[in-house]
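**Q** Start from the sequences, fold in the hints, and give me the full structure.
2 protein chains.
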Amino acid sequence: MKPVKVGLCGLGTVGSGTFNVLKRNAEEISRRAGRQIQIDLVGARRDHADCNLTQVRLTRDIFDVVKDPEIDIVVELIGGYETAYELVMTAIANGKHVVTANKALIAVHGNEIFAAAQEKGVMVAFEASVAGGIPIIKAIREGLSANAIEWVAGIINGTGNFILTEMRDKGRDFADVLQEAQALGYAEADPTFDVEGIDAAHKLTILGSLAFGIPLQFDKAYTEGISRIAPEDVSYAEALGYRIKHLGIARRTEQGVELRVHPTLVPAKCLLANVNGVMNAVMVKGDAVGPTLYYGAGAGAEPTASAVVADLIDVTRALTADPDNRVPHLAFQPSHLSDVPVLAAEDIHTAYYLRMQVREKPGVLAQITRIFSEYDISIEALLQKEHGHANAPVIILTQRVREGLMNEALAAIEQLEDVLGSITRMRVEQLDLA
Amino acid sequence: MKPVKVGLCGLGTVGSGTFNVLKRNAEEISRRAGRQIQIDLVGARRDHADCNLTQVRLTRDIFDVVKDPEIDIVVELIGGYETAYELVMTAIANGKHVVTANKALIAVHGNEIFAAAQEKGVMVAFEASVAGGIPIIKAIREGLSANAIEWVAGIINGTGNFILTEMRDKGRDFADVLQEAQALGYAEADPTFDVEGIDAAHKLTILGSLAFGIPLQFDKAYTEGISRIAPEDVSYAEALGYRIKHLGIARRTEQGVELRVHPTLVPAKCLLANVNGVMNAVMVKGDAVGPTLYYGAGAGAEPTASAVVADLIDVTRALTADPDNRVPHLAFQPSHLSDVPVLAAEDIHTAYYLRMQVREKPGVLAQITRIFSEYDISIEALLQKEHGHANAPVIILTQRVREGLMNEALAAIEQLEDVLGSITRMRVEQLDLA
Numbered sequence: 020m021k022p023v024k025v026g027l028c029g030l031g032t033v034g035s036g037t038f039n040v041l042k043r044n045a046e047e048i049s050r051r052a053g054r055q056i057q058i059d060l061v062g063a064r065r066d067h068a069d070c071n072l073t074q075v076r077l078t079r080d081i082f083d084v085v086k087d088p089e090i091d092i093v094v095e096l097i098g099g100y101e102t103a104y105e106l107v108m109t110a111i112a113n114g115k116h117v118v119t120a121n122k123a124l125i126a127v128h129g130n131e132i133f134a135a136a137q138e139k140g141v142m143v144a145f146e147a148s149v150a151g152g153i154p155i156i157k158a159i160r161e162g163l164s165a166n167a168i169e170w171v172a173g174i175i176n177g178t179g180n181f182i183l184t185e186m187r188d189k190g191r192d193f194a195d196v197l198q199e200a201q202a203l204g205y206a207e208a209d210p211t212f213d214v215e216g217i218d219a220a221h222k223l224t225i226l227g228s229l230a231f232g233i234p235l236q237f238d239k240a241y242t243e244g245i246s247r248i249a250p251e252d253v254s255y256a257e258a259l260g261y262r263i264k265h266l267g268i269a270r271r272t273e274q275g276v277e278l279r280v281h282p283t284l285v286p287a288k289c290l291l292a293n294v295n296g297v298m299n300a301v302m303v304k305g306d307a308v309g310p311t312l313y314y315g316a317g318a319g320a321e322p323t324a325s326a327v328v329a330d331l332i333d334v335t336r337a338l339t340a341d342p343d344n345r346v347p348h349l350a351f352q353p354s355h356l357s358d359v360p361v362l363a364a365e366d367i368h369t370a371y372y373l374r375m376q377v378r379e380k381p382g383v384l385a386q387i388t389r390i391f392s393e394y395d396i397s398i399e400a401l402l403q404k405e406h407g408h409a410n411a412p413v414i415i416l417t418q419r420v421r422e423g424l425m426n427e428a429l430a431a432i433e434q435l436e437d438v439l440g441s442i443t444r445m446r447v448e449q450l451d452l453a
Numbered sequence: 020m021k022p023v024k025v026g027l028c029g030l031g032t033v034g035s036g037t038f039n040v041l042k043r044n045a046e047e048i049s050r051r052a053g054r055q056i057q058i059d060l061v062g063a064r065r066d067h068a069d070c071n072l073t074q075v076r077l078t079r080d081i082f083d084v085v086k087d088p089e090i091d092i093v094v095e096l097i098g099g100y101e102t103a104y105e106l107v108m109t110a111i112a113n114g115k116h117v118v119t120a121n122k123a124l125i126a127v128h129g130n131e132i133f134a135a136a137q138e139k140g141v142m143v144a145f146e147a148s149v150a151g152g153i154p155i156i157k158a159i160r161e162g163l164s165a166n167a168i169e170w171v172a173g174i175i176n177g178t179g180n181f182i183l184t185e186m187r188d189k190g191r192d193f194a195d196v197l198q199e200a201q202a203l204g205y206a207e208a209d210p211t212f213d214v215e216g217i218d219a220a221h222k223l224t225i226l227g228s229l230a231f232g233i234p235l236q237f238d239k240a241y242t243e244g245i246s247r248i249a250p251e252d253v254s255y256a257e258a259l260g261y262r263i264k265h266l267g268i269a270r271r272t273e274q275g276v277e278l279r280v281h282p283t284l285v286p287a288k289c290l291l292a293n294v295n296g297v298m299n300a301v302m303v304k305g306d307a308v309g310p311t312l313y314y315g316a317g318a319g320a321e322p323t324a325s326a327v328v329a330d331l332i333d334v335t336r337a338l339t340a341d342p343d344n345r346v347p348h349l350a351f352q353p354s355h356l357s358d359v360p361v362l363a364a365e366d367i368h369t370a371y372y373l374r375m376q377v378r379e380k381p382g383v384l385a386q387i388t389r390i391f392s393e394y395d396i397s398i399e400a401l402l403q404k405e406h407g408h409a410n411a412p413v414i415i416l417t418q419r420v421r422e423g424l425m426n427e428a429l430a431a432i433e434q435l436e437d438v439l440g441s442i443t444r445m446r447v448e449q450l451d452l453a
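Those protein sequences? They're chains C and W, same order as listed.
Here our numbering = 1-based position in the first sequence + 19.
Here our numbering = 1-based position in the second sequence + 19.
Just to be clear, a hint being listed does not mean it is correct.
Copies of the same chain look alike in the list, so a pair counts if it fits in one copy or across any two.
Straight-line alpha carbon distances no greater than 35 Å define the calculated DSBU-like cross-link-like pairs of lysine-lysine that follow [claimed, not checked]:
1) K189 with K404
2) K139 with K24
3) K21 with K239
4) K42 with K239
5) K288 with K404
6) K139 with K21
7) K189 with K288
8) K380 with K189
9) K42 with K86
10) K288 with K24
These are computed hints drawn from the structure, not numbers from a lab.
**A** Below, the structure written as C-alpha cells:
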C-alpha cells in the first residue's frame with residue numbers, strides 16, 4: 020500500500036518529538052501498520068534544532084498544511100484555543116483526519132469538533148491530550164468497554180505532582196518548590212494552568228466524558244489548585260497514614276456525575292500515593308474489572324509523541340474502515356450520549372480532612388463535635404496537637420458527606436468563639452485500594 | 020444494525036462472568052458498539068448456578084457452537100490445550116471469529132492458529148489470556164505502537180504474588196502460605212502451573228511476541244518457580260531495600276531476546292514492588308514513552324470477562340474492516356515477524372543476589388571476592404551477618420553479568436573449603452524506576 024501522508028503543524032517540543040520518533044522507528048512502525056507513515060509537509064514558524072527537515076516540504080503558514088491536497092492526516096501540535104480551533108475545523112472541512120495533543124482545545128471545543136468530524140466522516144484522535152504517553156484514552160474507550168465505569172481518579176499534571184512530591188520528601192513549602200520547578204523547566208513562568216488545576220480540569224473533562232458517555236462540559240468541572248497547601252498539612256496527612264495528591268476525579272453517582280480537581284488525601288499504601296515526581300497515573304474503576312491503574316510519563320517530547328504516533332497508526336488502520344464502525348470519539352455513539360448532569364460542588368460527596376486552630380481550654384472539642392453530630396457528620400479520627408501554647412491545632416477526618424452540608428457545619432463551627440480563624444479543609448478518598 | 024451473535028463455549032468461572040457482564044451491561048455496550056452483542060448459543064457440559072440461561076439456546080456439545088450457521092463470533096473459555104485447539108481450529112475453518120482467554124493455547128499453538136485465521140480472514144482475539152482484566156495486550160499492540168519496546172516485566176500470576184506478599188508481610192514460609200491460598204481458592208489443588216511459573220511463562224511468551232514481533236516460542240522461555248524461596252531471603256532482600264517478586268521479563272538485547280520467569284529482587288520503592296496480593300501489574304519500557312505500568316486484577320470471573328467482552332466489542336467493530344488493516348495478531352504484520360533468536364539461559368544478563376554459608380574465619384571473604392574479580396564480576400554490596408556461630412551467612416549483590424559467567428564463578432566459589440553447601444541465588448532488576 021502507498022504511504023500515508025502526514026502534515027505536521029507545529030514544531031515545538033511535541034512536534035519535534037513526533038517528527039523524530041516517526042523517523043527513528045519508521046521501519047518498526049511500517050512492520051506494525053502494514054504501510055509507511057510519512058511526514059510530507061511541516062508547517063511551523065521556525066525550524067527546530069533537533070529535526071533534520073531536509074526530506075520534507077516546509078511552510079511557514081500552518082494553514083497551507085490543512086489545505087494541501089496531498090495530506091491525509093493533519094497533526095495539530097500548536098496548542099492554545101483559537102488558532103488551533105480554526106486550524107482543526109478547516110482540516111475537517113477539507114476532509115482531513117486530525118491527530119491532536121491539545122487538551123484545552125478538546126475540553127472546550129471538542130463537542131463541535133467531533134460533530135463536524137462525524138458529519139465529514141473523518142477521525143479526530145486525541146490520545147496525547149491526556150496523560151502524555153499513557154494510553155489512557157484507549158484503555159477507557161476500548162480496553163474497558165465492557166464495564167460500567169464507576170469512577171476515574173488521576174494524577175494528570177506532572178508539574179503539580181513534582182511540587183507535592185518535593186514538599187513531602189523535603190518538608191519544603193509550595194513557593195520554594197515552585198521556583199525550583201520553574202528553574203528546571205517543569206513549570207511555566209506563569210504557572211497558573213498547572214498549579215491552579217486548569218490543565219488537570221481540561222484532562223479530567225475529557226476522561227469524564229469518555230467514562231460516562233456525557234458531552235464535554237469543562238465549564239462545570241470544579242477546580243481547586245495546590246498553591247494553598249501548607250507544609251503542616253503535608254505532615255499531618257502523613258501522620259494519619261495519608262499523602263496529599265492533586266487528583267482529577269470523575270465519579271458517577273445516582274444524582275449525576277462529579278467532575279472535580281482538588282488536593283486529595285489518599286492512603287499512603289495505595290499505588291497512586293506512590294506515584295512521584297513528574298509522573299502521571301490514572302485509576303479507573305469498572306464494575307466488572309474492579310480497580311485498574313495506568314502509569315507513565317505525562318508530558319515531554321517523546322512520551323507525548325508516543326501517543327501522537329500511536330494515534331497516527333490507529334487512524335491509518337481505520338482509513339479503510341466503515342466510518343460507522345470506528346471507535347466513537349467520546350467512547351459512546353454520538354447519538355447515544357447521556358444527559359446525566361454534572362453535579363454542582365455542593366452536591367459532591369467526599370470525606371474530609373479538617374484543620375482548625377482552637378483555644379486550648381475544656382469544652383471546645385465538645386462544642387465542635389456536637390455541631391458535627393447535629394449535621395449528621397461522622398468523625399473518623401480526631402487528633403489534637405498539644406503545643407503547650409494557648410492555641411492548638413485540631414485535625415479531624417470525617418466520613419463521606421455532601422459538600423453543601425459540610426459547608427454549613429463548618430460555617431457554624433467557625434462561629435464558635437474558641438475556634439480561631441478559618442478552617443483548612445481537604446478532601447479524602449480511599450480509592451477502593453487495599 | 021442487526022445484533023452480533025455470539026456462541027459461548029464453556030460456562031465455568033470466566034464463562035459465567037462473561038455471560039453476566041454482557042447481560043448486565045447490555046445497554047451500555049450497545050451504546051458503545053453501535054449494535055447489540057448477544058449470546059445466542061451456549062455450549063457447556065452443565066449449567067451454571069449464577070446464569071439465567073432461559074433466553075439462549077443451549078447445547079451440551081461445544082462443537083455444535085462452532086458449526087452453528089447463526090454464530091458470528093465463538094468465545095472459547097474451556098481452557099486446556101487439546102480440545103480447545105481442535106475447537107478453535109474448527110471455528111476458524113468454519114469462518115467464525117474467535118475470542119479466547121486461553122493463555123496455554125495461544126502460547127503453545129498460537130502461531131498455527133493465527134496462520135489459519137489469517138488465511139480465512141477471521142480474527143482471533145486474546146486480551147483475556149494475559150493479566151485478566153488489564154488491557155495490556157491492547158496497550159502493547161496499539162497504545163505503544165510508536166515505540167521500539169525495550170523490555171516488559173510483569174507480575175502476571177496472582178497466586179504467586181499472593182504467596183510472596185504473605186511471606187513478606189507475615190514472615191511465613193512458602194508451604195504454609197500455599198496451604199492457605201489453596202483453602203482460599205487462590206491456588207489449585209495441584210499448584211504446579213502457578214508456583215513453578217508455567218502459567219506466567221505462557222503469558223510472558225505472548226507478551227514477548229507482541230513486544231518484539233517474534234513468533235511465539237514457549238519452549239524457549241526460561242522458567243523458575245517460587246517454591247524454593249526461603250523466609251530469610253525475603254528478609255535479607257528487605258534489609259537491602261528490595262522486595263522479591265515473581266516476574267516474567269522479556270528484554271531485547273543486541274544478541275537476541277531474553278524470555279524469563281523467575282523470582283526477582285526489585286527496589287522496594289518502585290511501583291511493581293508495591294503490587295500486593297492477587298493483583299497483577301505489567302511494566303513496559305518503550306524507547307519513546309519511557310517506563311509505563313498497567314495494574315489490575317489478573318484473574319477472577321468478571322475481571323477476565325471484562326477483557327473477553329472488550330474483545331467482543333473490538334471484533335464486532337472490525338467485522339466490516341478490511342482484513343489487511345486490522346491490528347495484526349502478534350502486533351506486527353505476519354509477513355514481517357522478526358527472526359531474532361530467544362537467548363539461552365546462559366546468555367541472559369542480570370544482576371544477582373547471592374546467599375552463601377561460610378566458616379567464620381579470616382580470609383574467607385577475600386577468597387570469594389578474588390574469584391569474582393577473576394571473572395570480572397563487580398560486587399555492588401556485601402553483607403555479612405554475624406551469628407556468633409562458627410558459620411555465618413554472607414549476602415552479596417553483584418552488578419549485571421552474563422549468566423554463564425556467573426555459573427562458572429559460583430562453581431569455583433562452591434569449591435572453596437570454607438564455603439558450605441550450595442549458594443542460593445536470585446536475580447535483581449532495577450526496572451529503570453526512580
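**Q** So which hints don't hold here, by number, going up?
**A** 3 and 10
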